[in-house]
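K.L.:
Sequence:
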Amino acid sequence: MKAYLGIDVGAVSTNLAIIDENRQVLDTLYIQTNGNPIKAVQEGLRKIKKIPVSGVGA
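Here my numbering is used: the first residue of the sequence shown is 1, the next is one more, and so on.
Read the hints as simulated data drawn from the structure, not as lab findings.
Wrong hints could be hidden among the right ones.
What the hints assert, rightly or not - Below, computed lysine-lysine pairings styled on DSS-like, alpha-carbon distance capped at 27 Å:
1. K50 x K2
2. K2 x K47
3. K2 x K49
4. K50 x K39
5. K39 x K49
As the list claims (entries may be wrong) - Simulated restraints, written as ranges between beta carbons of each label pair:
6. T28 x S54: 10 to 20 Å
7. N15 x K50: 11 to 21 Å
8. K50 x D8: 15 to 25 Å
9. G35 x M1: 30 to 40 Å
Backbone N, C-alpha and C define an ideal beta-carbon position, used for all residues, glycine too.
Work out the full structure, taking the sequences as your base and the hints as a guide.
P.N.:
Here's what the structure looks like:
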């Protein structure tokens, strides 16, 4: 199964989503950015489901 990770970083929140090749959502995560987008992305990557991904989009 191929999976793809999408990351949306905004001023208020950072959102992560993993979908499979059939565009089915496997996991999502919402984190408050709190003025530190790098920290928010790092936290999100630690917390999101551990699935090997074939591609990433931001």
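K.L.:
It remains to establish, for every hint, whether it holds in the given structure.
P.N.:
Comparing the hints with the structure gives:
no.	hint	verdict
1	K50 x K2	holds (13 Å)
2	K2 x K47	holds (20 Å)
3	K2 x K49	holds (14 Å)
4	K50 x K39	holds (19 Å)
5	K39 x K49	holds (18 Å)
6	T28 x S54: 10 to 20 Å	holds (18 Å)
7	N15 x K50: 11 to 21 Å	holds (18 Å)
8	K50 x D8: 15 to 25 Å	holds (20 Å)
9	G35 x M1: 30 to 40 Å	holds (36 Å)
In terms of the numbered hints stated before, the structure departs from none.
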